[in-house]
Amino acid sequence: MYDVAVIGAGIAGMEAASRLAQMGYEVLVVEKDGRAGGHVAGWDRLFPFQRNAANLAAEMLKMMDRGKAVKVLVNTTVADVQRDGQHFRIWLSDGQGVTVSAVLITTGFKLFDAHRKEEYGYGIYDNVTTSADLERMFASGKPVTTKKGERPQRVAFIHCVGSRDEKVNNRHCSKVCCATAVKQACEIKQMYPDAEVYCFYMDLRMFDRHFETMYLDAQTQYGVIFVRGRLSEAAESIDGRIAIKAEDTLMGKMLKISVDMVILMAGMEAAEETDKLAGMLKIAVGKDGFLNPVDEYLQGNFTREKGVFVAGACTGPKTVSETLADARAAAVSIDEYIRDGSEEKSLREEIIEKIRNKRVEIRNRRMKNEEGKSIEF
Amino acid sequence: MNFGYRINQSSMIDLDRASKDIATQVLQYEPSFAACIGCGACTATCSAGRFTPFNLRRLQLMMMRGQTDKAHAEAGKCMLCGKCQLICPRGINTRNILLAIHRLTTP
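Which chain is which? The protein sequence lines are P and V, in order. By the numbering used here, the letter at position 272 of the first sequence is numbered 272, and the numbering carries on one by one without gaps. By the numbering used here, the letter at position 60 of the second sequence is numbered 60, and the numbering carries on one by one without gaps.
These are computed hints drawn from the structure, not numbers from a lab. Note that CB positions come from ideal geometry on N, CA and C, so glycine has one too. Honestly, I wouldn't trust all of these hints.
In the BS3-like style, the derived pairs of lysine-lysine whose C-alpha atoms are separated by at most 25 Å in a straight line are [unchecked claim]: (1) P/K110 - P/K175; (2) P/K245 - V/K83; (3) P/K167 - V/K83; (4) P/K368 - P/K358; (5) P/K245 - V/K77; (6) P/K68 - P/K253; (7) V/K20 - V/K70; (8) P/K256 - V/K20; (9) P/K306 - P/K354; (10) P/K167 - P/K306; (11) V/K83 - P/K368; (12) P/K68 - V/K83; (13) V/K20 - P/K368; (14) P/K368 - P/K62; (15) V/K70 - P/K253.
A short, non-exhaustive set of chain V residues, derived as facing chain P with CB atoms under 8 Å [stated by the list, open to error]: (16) A41; (17) N55; (18) A71; (19) G91.
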């Protein structure tokens with residue numbers, strides 16, 4: 001018997017599940033992939049402080065498991081959900097059915113498929129790759145090379161691929177790519193200090209507290225070269241290098257350059273599961289495919305369906321820290337919702353008492369589990 | 001005696017004096033004119049710009065800033081191939097805009 005079903009075991013789902021378990025709830029997490037951790041578990045380092053991404057995901061998984069109140073089902077999707085009075089009846093792809101009091105959607109985002117910007121040559125030219133591919137190369141621990149295995153002398157990062165682009169039906173800014181490009185550009189320079197690294201941007205959106213420092217370091221410590229212009233096209237030359245063209249808008253002149261590697265900063269799109277669940281649960285979806293909470297300001301985790309909550313990148317692009325904060329906020333909203341679950345005072349008190357007892361039970365379990373280790377509340 | 005001194009016209013953009021009449025008319029005719037973010041993809045892909053100093057991004061800005069003196073000649077450089085319209089990330093109808101600028105600035 002579970003209190004809350006969390007759909008998606010990325011960092012939002014894991015964080016919310018951890019917090020809910022701390023609060024005294026039994027949580028079921030449903031994950032479509034073969035492992036928890038989402039996109040983050042497959043990345044190398046996280047801006048702004050180069051925290052190891054896979055370690056962070058692993059640590060979160062451990063945290064989630066310590067009260068033994070969270071069950072994660074991998075390779076599982078939601079086949080159907082139906083409201084059953086105050087509860088929700090969920091049918092899973094493995095055939096089992098569960099009943100819960102609240103549903104939290106943390107289906108995250110889907111990476112933009114860079115093939116769709118054909119003019120940039122992803123999947124056509126050998127040395128055109130994406131930010132996600134590069135992150136995997138970094139994570140592998142091997143040196144980053146061209147397809148032929150040579151070390152790149154010149155690398156160009158192309159911002160806004162699949163973001164801020166009406167032609168692929170993505171008006172929104174994906175928010176994290178500017179910081180990611182600057183991070184990866186610096187990492188290339190760390191690996192190859194004498195390589196030339198370029199960033200082609202439309203606007204550099206270094207909005208967060210530490211981002212401007214990253215930008216400044218990229219300029220002054222690493223010598224990354226920033227060109228303000230959107231690429232028109234990429235073309236492969238006979239030697240496998242990529243010729244790219246843009247307007248250097250600050251110069252007001254056309255610019256071309258041949259590089260050994262092109263990195264496309266693929267943006268975020270709403271995940272397919274998000275749309276499917278929105279349909280089943282009758283939740284408002286924006287034109288951009290991301291879910292619309294009831295009130296962006298005061299009820300960012302509430303949907304128009306009572307008992308259905310949202311957190312993380314399924315409501316729009318977010319950084320890792322924003323996603324985690326959003327997940328914690330969702331856990332608080334769900335806790336309040338369940339505790340206020342009945343109109344009747346006596347029933348409400350009963351629910352609260354039950355949760356209190358469970359909280360103690362889960363904490364005891366956790367402490368037993370962590371015996372000998374230091375415990376913090 | 002002529003020492004070669006002369007008074008140059010100020011090159012400053014004077015928004016107090018600038019007339020945005022033509023820009024307003026272009027906007028009415030083609031509202032997507034307002035959506036430009038100045039990324040320069042149109043210029044980078046421009047067929048005419050390869051051979052002349054034609055720059056659609058700059059022409060848009062010139063109009064918005066009331067600098068319309070050279071607009072007619074500039075718009076005349078366009079070959080209406082439409083590549084800028086294909087590439088524009090804001091989906092701006094560049095062809096309509098060029099035709100409007102050309103028409104509205106005809107002396």
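Which of the stated hints cannot be reconciled with the structure, identified by number in ascending sequence? The structure conflicts with hints 6, 8, 10, 11, 12, 13, 18, although it agrees with all the remaining ones.
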